[in-house]
Structures are given as structure tokens and as C-alpha cells.
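Engineer: Those protein sequence lines, which keep their order, are chains R and C.
Each step along the first sequence adds one to the number in my numbering, with nothing skipped, and position 81 is 81.
Each step along the second sequence adds one to the number in my numbering, with nothing skipped, and position 45 is 45.
There's no promise every hint is true.
Just so you have them, the derived chain R footprint on chain C, three or more residues with Cβ under 8 angstroms [as the list claims (entries may be wrong)]: (1) 44 to 51; (2) 99 to 106; (3) 142 to 156.
Here are a few chain C residues that sit away from chain R, every Cβ distance over 10 angstroms (derived from the structure) [stated by the list, open to error]: (4) 5; (5) 8; (6) 16; (7) 61; (8) 83; (9) 118; (10) 129; (11) 201; (12) 218; (13) 224; (14) 227; (15) 229.
Some chain C residues close to chain R (C-beta under 10 angstroms, calculated; not the full set) [stated by the list, open to error]: (16) 19; (17) 20; (18) 62; (19) 84; (20) 85; (21) 86; (22) 159.
None of these hints come from the bench; they were simulated from the model.
Small disclaimer: the values here were computed from a predicted structure and weren't measured.
Ideal Cβ positions, reconstructed from N, Cα and C, are used throughout, including at glycine.
What follows is the residue order along each chain.
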Amino acid sequence: MSPDSDLDEGVRRDQEGGAPGFGIPAAVLAAAEAALNRYIALDPEGALGFEPIYGRIIAIEVEGIGARITLIPGPDRLQIFGAYDATPDCLIRGTPLGLARMAAARRKESELGSGSVEIEGDTAIAQDLGKALGGLDVDWEEQLARLLGDPVAHQLGEGVRAAVQWGRRTTGTLGADLKEYLEEEGRLLPSRYELDAFLADVDTLRDDVERLEARVGRLARAADRPSAAHTPKTKGRGKKSGKDAARHGGEDAGPGGA
Amino acid sequence: MSEKETTHFGYQQVPVDEKVGRVRQVFDSVASRYDLMNDLMSLGVHRIWKRQTVALAGVRRGQQVLDLASGTGDLAERFAGIVGADGAVVMSDINAAMLTQGRDRLIDKGRVGNLHFALANAEQLPFASGSFDCVTIGFGLRNVTHKERALTEMQRVLRPGGRALILEFSHPTTRALSRVYDLYSFSVLPNLGRLIAKDAESYQYLAESIRMHPDQETLRAMMEEAGFERCDYFNLSGGIVAIHRGYKL
């Protein structure tokens, strides 16, 4: 028998009629289902998170490529299909990037708010699914203990934890050393203080330029209106600071400030 | 002229009332290694064919499902996970050895609560009319003596709006595939049967019975005859297997 697992014309025709055109090969879905269920089985307590959505049909549609997968959680396993021939209880639709961002985001609402992901139907189901998937926390040491026994697994676990801590510490130290070298020894990068001072100077310069621009503008307008040049009232009081001149800009008639 | 009515049993003609017994013998013989043989025979693809059947059935939470010729219960197990505690799945087979195998396997896996078991002949179903939202029969219809009676019964026990799905070996759609398939069925398959299930004859029968089974269009016509509507079929693996679907409206 042929191991050809793809859907043939009949099912493809059906998909075109009902769901979008691109069908993920059934063998890939079967493999994904097996892998995901093996992962869920590693955290039996976390798996209970799926309980509120047992038997719910959750469709995820990837815009652009038009692929659809359907998830149906159950007490025995999470079933994954391509197009499932029933109206989903909850349809999550989004661009590949939007869906990936939502999967990774801590606050899923923000992705929904941005409009890159849409949810149709019962949104509580999507929330429960996200919570259940996010709540899976596999105790690898415990899994290892089943294979190697508690003492060995514990030692390995300690080893891994020490290695992770060492890695974190080393990364921190390395970062600080590199920073110091680049700033102080090599003078390749400015230090924090130099940078702050430089940024403050840039701000001052920008303000000065704006003030100068305003003053030049005012003078130019004054030059265009020779009739207004002999207004004696403003003379004498017109000694305004550059800042005030900038604030009043063009409204300040007369050459007083000049 | 008192010739008895005969029917086919593989390529042989046998008296009608003998077929049930003979099919039983075949399945009694293969029951204990049925799963392993299925995997070997189809190179594991039978699991994918069953997945497609479940996807096309579109069963929902709370529905009632009848799985005929359930065998070791692959379809029933998936349905039970979907219909949940509010729904029910009846696993049925005419063969006690097969049904016991299936029941033991599912109980051992902890699949209990919404699964029920019925030793029943698909030609005379012991259920009230309009009891199920979905009726399926996976790799079983070709072993039924009077297929049209089984189809009529499937239609009877469905509720209006319910659907029946028939997953069965069918006829390859291309000649090249057909040749390879014949070679496989009549040379490789009986030898596999001899090696694994220690029973070449049963697997010879399986290969023959597949050839005697009606092709896609004929089966669709039979479904319409039995009262199903909106009948269609889906070829899988180049027509080696087909899923027929019909609704009771």
C-alpha cells in the first residue's frame, strides 16, 4: 500500500469548498499531535488546565497561507486535525507573525487590541487554551528520575542548576568587563556620564537654534513692515531675553527686542 | 432447482448463511494481532485514514455516536474524547473476540464513562430509530453479507441531520498504482499474515474481499438507494481507501 498520506482530490475539493485551500499534510498533523500529547503527558497536573475546554472545537487560521488547524482537547489527548467538518466553537485568525507574537506575549490582550489577531466565537475558550498551554511546566528532574533513579537525577539537576547559575553570572561579569574595557580602557565608547552630558548639550544646542530661528524670523518680518518701525512706545521696554523672544515669536511686533 | 442462494467470500461463492460464520472465523483468528497487522499491512497509514474519517464526521461535544465493526476501537476512542461526558459512543462489532479485544484495550487505557459496547450484527441493529448523530463503519462493510441491509439500518438509527461515514478499501484510481497494489495484496500480504498472525488464509481472504467490494461510485449509489442524501466520497492514498459520507435529512 502506498504510504501516501496526503489528502486526494476529494478531500482537497472539500477543503476548497469549506475551509481555506492549503491543507497541512495529515502525516505532519499526526506527528504534531503525538509530540504535543507526549509533552502534555509530562505534566499531568498542568494537563488538567484543559478540562474546561474538553470537546471544544478550536480552529486556528493562518492568514496569508490560508492554513487551518483544529484543536479538540479531551481527557485522553489533544486531537489535532486540519479542516474539521464542524463549525468551530472558537476561531482564532491571524497573520503568522501576529499569532506567534500572541503565543509569546505575556498579555495576550495587547495583540488582540492591535488587530493582528481576531477571535470569533467564544473568546473564553481561546483564553482557557492559552492559559492551559502556558501553564504546562514540565519537571524535567522528575522525568529523569523515572529513568535514572532519584539520586542520579537529583545530582544531574543540581549540576544543571549550577551550570545555569554559572552561565548567568559569567554572562553578567563578561558584560560588565566588556563595557568597562570599551569605555575606560579603549575609549571606544563613551561612558554613561559622558553620554548624558553630550545628550544635554545636544538639547541645549537644539533649543538655541530654535530661538535663533524665531529671532531671525521676527527680524525678517520687521524688515518687511517699515511703517511699523517707528513705534516709540515699545522702545526702552523691549529688552527681552532670547527665551521670551522665542516664546512670543512673530506676535511681538516692533523692533524693540532687536 | 433447490439451489441455495450464494454470496461471495473473497473469490469463493459460499451459501449466504455460511458467510457470517466464515467471516467470524477469519476475525477470531486475527483478533489478538489485529492492530499490529494493520500497522504492518498499511505501513501505519491506517491511522491517518481514521483521522480523516473523524475530521469528516465533524462530531461535537454531547453527541451520540455509533461505531460499527469497531474492531479494536480506534475510531471510537477518538470520538469518545470529543463527545465528552455529555455524549456517548457505542462501540459495536459482530465478532465477540474483536469486541473483547477492543473493550479491554480501551479500559486498560482508562477510556471509560462515555463508552458503551454492543455485540451486534450491522444488518439488524438493536437500537431505536433516530438514536444517533453519527454512525461510522471502518473497514467493516465489505465483510457484511447484505451490505444494503446494513446501510438501511445505519440510515434508520440516525437522527434527521445525522451522518454516516463508511471508511473502506476501495479501488485505486490509476492503473499503475492498481498493479503495485495487486502485487502487494496477493504476494506480500498473505506472507505477512503467515509470519505475524500465523494465518495466511485469513489475509488472502482480506485481499480478495477488498477486490469484491463495490467501487466508489457503486457504493455511493447503494447509499442513495438506502435513503441517504447528499452522498459524496473522498479518495485517500490514490483510491486504495475511500471515505463515503451520506446524510439523513
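Engineer: All the hints need checking, so say for each whether the structure fits it.
Structural biologist: Against the structure, the hints come out as follows:
| no. | hint | in the structure |
| --- | --- | --- |
| 1 | 44 to 51 | holds (count 5) |
| 2 | 99 to 106 | violated (count 0) |
| 3 | 142 to 156 | violated (count 0) |
| 4 | 5 | holds, 34 angstroms |
| 5 | 8 | holds, 22 angstroms |
| 6 | 16 | holds, 31 angstroms |
| 7 | 61 | violated, 3 angstroms |
| 8 | 83 | violated, 7 angstroms |
| 9 | 118 | holds, 21 angstroms |
| 10 | 129 | holds, 24 angstroms |
| 11 | 201 | holds, 20 angstroms |
| 12 | 218 | holds, 16 angstroms |
| 13 | 224 | holds, 17 angstroms |
| 14 | 227 | holds, 21 angstroms |
| 15 | 229 | holds, 16 angstroms |
| 16 | 19 | violated, 25 angstroms |
| 17 | 20 | violated, 27 angstroms |
| 18 | 62 | holds, 8 angstroms |
| 19 | 84 | holds, 4 angstroms |
| 20 | 85 | holds, 8 angstroms |
| 21 | 86 | holds, 8 angstroms |
| 22 | 159 | violated, 15 angstroms |
Hint check: violations occur at hints 2, 3, 7, 8, 16, 17, 22; the rest are consistent with the structure.
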